[in-house]
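Trainee: One-letter residues, chain by chain:
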Amino acid sequence: MNIPKDLFYTKDHEWARIDGDTAYIGITDYAQHSLGDITFVELPKKSEELKQSRYCATVESVKAASEVYAPLSGKVLSNNEQLAAHPELINQSAYEKGYFFSMQISNEAEKEKLMDAVSYERYLEGLAK
Amino acid sequence: MSYTPHTQEDIKQMLSAIGAKSIDDLFQDIPAALAPKSFNIPAPKSEFVVTQILHKLSLKNATNLVNFVGGGFYDHFIPASVEAIVSRPEFYTAYTPYQPECSQGWLQAIYEYQSIICQLTALDVSNASLYDGGTALFEAMMIAIRQTGRKKIILDSGVNLIYRTMLYTYTKNLSVEFIEIPVAHGQSSREELVKYLDDKTAAVILQNPNFFGAIDDHTDIVEKVHKFGALAIASVYPVSLGMLKSPGEMGFDIATGEGQSLGIPLFFGGPYLGFMAVKSQLVRQMPGRIVGATVDSDGKRGFVLTLQTREQHIRRQKATSNICSNEALCALRAAVFVSLLGREGLKELAEHNYSKAEFAKEQLSRISGVQVKRSSPTFNEFTVLLPKGADEVVHRMIDKGFACGFPLGRFYKGMDNYLLIAVTEKRTKEEIRRLVDSLEAVL
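Chains as they are written, first to last, in my numbering: chain A, 1 to 129; chain B, 1001 to 1443.
Simulated from the structure, these hints should not be mistaken for laboratory data. Here a beta-carbon is modelled for each residue, glycine too, at the ideal position from N, C-alpha and C. Do not take every clue at face value.
What the hints assert, rightly or not - EDC-like, lysine to aspartate or glutamate: derived pairs with alpha carbons at most 16 Å apart:
no.	chain 1	residue 1	chain 2	residue 2
1	B	1152	B	1177
2	B	1151	B	1177
3	B	1429	B	1358
4	A	11	A	67
5	B	1318	A	42
6	A	111	A	42
7	A	63	B	1311
8	B	1021	B	1009
9	B	1318	A	67
As the list claims (entries may be wrong) - With the C-beta cut set under 8 Å, the calculated list includes, among others, these residues of chain B facing chain A:
no.	residue
10	1284
11	1308
12	1314
13	1315
The whole structure should be built from the sequences, with the hints applied where relevant.
Mentor: Okay, structure coming up:
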């Protein structure tokens, strides 16, 4: 399972790449693998205000629609328009080309509630048992 | 006659099996205040007596009237072959084709139906059918609201009043803003429609032919609607598409309609068939089922319900719509009917409707005091102005063997003397001449 060291993770399998007050958001390799072929994503609108742990996007695979929760609070800067025509990018490149959207973080302290790569890996091991 | 087969002994045995002493004991969980005090139903009658009562009731219906009533539902001829094909038990008894491995025939039939609706409307994707023309139009409006994130709807009052009432009723507790554009039994009023268009408009809803039978080319309106980022929705009469410009050709984003005219009897008001077709970019917002064609692991062609993730059983409260069932058997009738007619047959059918209505117009305009409205071309339905109340005329024409039309005063204020007359391919020239003679006598 691919778990990059420089990202932050949630228990619901979202990741955040934090760079100053900007963050890129997506779902983890574990999540895309569990869902199987992803067929559609519904992304938040630009300028939408998101709240940590609240619903922000939907991922559809062949027979399921799963909700995605915002890892952090803040405003949506832009969403990954490539996903509309190529949702398979999430399967192929969960942490790079398959990111969902970028956001401006409104509360840096919320980072404390996220896991680092080591904790997330341990969390996944727990799920496997 | 008892309609339940259980003897007292049966009931006793069943009760004892579950440990209840009596029927009251069985229902003791229902609080006395909520239990019905009486079912208020008459004593049972024998099957023979019931048949007699119902037969007597049915004699109150005038069944042999020559029908000139339209208003959204039309008396078209249905070839016997339609009935023969749809009565096959494989079609008649099948229900939900969720398991493609045992429903290929059904799924293919629905797929063919969808293809026919796409061809008729010249739009990209059709669903597997909806309840009726009114619910289809409501669902189309909701697509526009979801897609645009706006809540203002501009509604042409040339849209069937039954449909308009449904739009209002279904959205009573939603904050949808309606602007209804008055229409004077001619074509859509461009000036008025355009006046209300802005960047808050979700959709403009039009009907062709409209409730007064007027046909129109809405291309210019659709263009303006798109300039404001709104959607254009058309409710159409499918038989008319055999000769009229299609919604797709006019640029409409969504077309809906009542499919009753495609091989479905009038049935005293239903079940009918709602159809819907959309441009491909709206497919994820579309309600109901969609059957798609694919290939299996051996490369063989197969059919499945696609995009199920839009639906209730997966999306729960976030589903695009709560409409869950479809009108599969009615949709099948439509598919069979159109397939039997073929491209040329449908064209011919439309032409018959048009020319017989024109003949009726010409004949009716010879009656002194009757004015045939000619403010716009019509398909198979048109408005006439009578020298007296249309309601009374309709009643008196029943005695002469005619259902002569729909009195517009029932739906439109101040139009008590207006009668809406529909002429389908079933009406012979002789029947039309007799209608004219009888009307002359009644006036």
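Trainee: The structure should be examined with respect to each hint, and the outcome stated for every one.
Mentor: For each hint, the structure was consulted:
1. This hinted pair checks out: residue 1152 (chain B) and residue 1177 (chain B) have alpha carbons roughly 5 Å apart, not beyond 16 Å.
2. Proximity of residue 1151 (chain B) to residue 1177 (chain B) is assessed by CA-CA distance (about 6 Å); at most 16 Å being required, the pair is judged to hold.
3. As the CA atoms of residue 1429 (chain B) and residue 1358 (chain B) are separated by approximately 11 Å, the hinted pair is consistent with the 16 Å bound.
4. A hinted pair counts as satisfied when its Cα atoms are at most 16 Å apart, and residue 11 (chain A) with residue 67 (chain A) qualifies at roughly 13 Å.
5. A hinted pair counts as satisfied when its Cα atoms are at most 16 Å apart, and residue 1318 (chain B) with residue 42 (chain A) qualifies at roughly 12 Å.
6. Among the hinted pairs, residue 111 (chain A) with residue 42 (chain A) is inconsistent with the structure: their alpha-carbon atoms are about 25 Å apart, more than 16 Å.
7. Straight-line distance between C-alpha atoms of residue 63 (chain A) and residue 1311 (chain B) comes to about 10 Å, which keeps the hinted pair within the 16 Å bound.
8. For the hint linking residue 1021 (chain B) to residue 1009 (chain B), the alpha-carbon distance of about 13 Å falls within 16 Å, and the restraint holds.
9. Distance hint between residue 1318 (chain B) and residue 67 (chain A) is fulfilled; the C-alpha atoms sit about 10 Å from each other, no more than 16 Å.
10. Satisfaction of the interface hint for residue 1284 (chain B) is found here, the shortest Cβ-Cβ separation to chain A being roughly 7 Å, below the 8 Å cut-off.
11. Taking 8 Å as the C-beta contact cut-off toward chain A, the hint placing residue 1308 (chain B) at the interface holds, the least distance being around 7 Å.
12. Look at residue 1314 (chain B): its Cβ gets to within about 5 Å of chain A, closer than 8 Å, so that hint holds up.
13. A distance limit of 8 Å between C-beta atoms decides the matter here; for residue 1315 (chain B) the minimum to chain A is near 5 Å, and the interface restraint holds.
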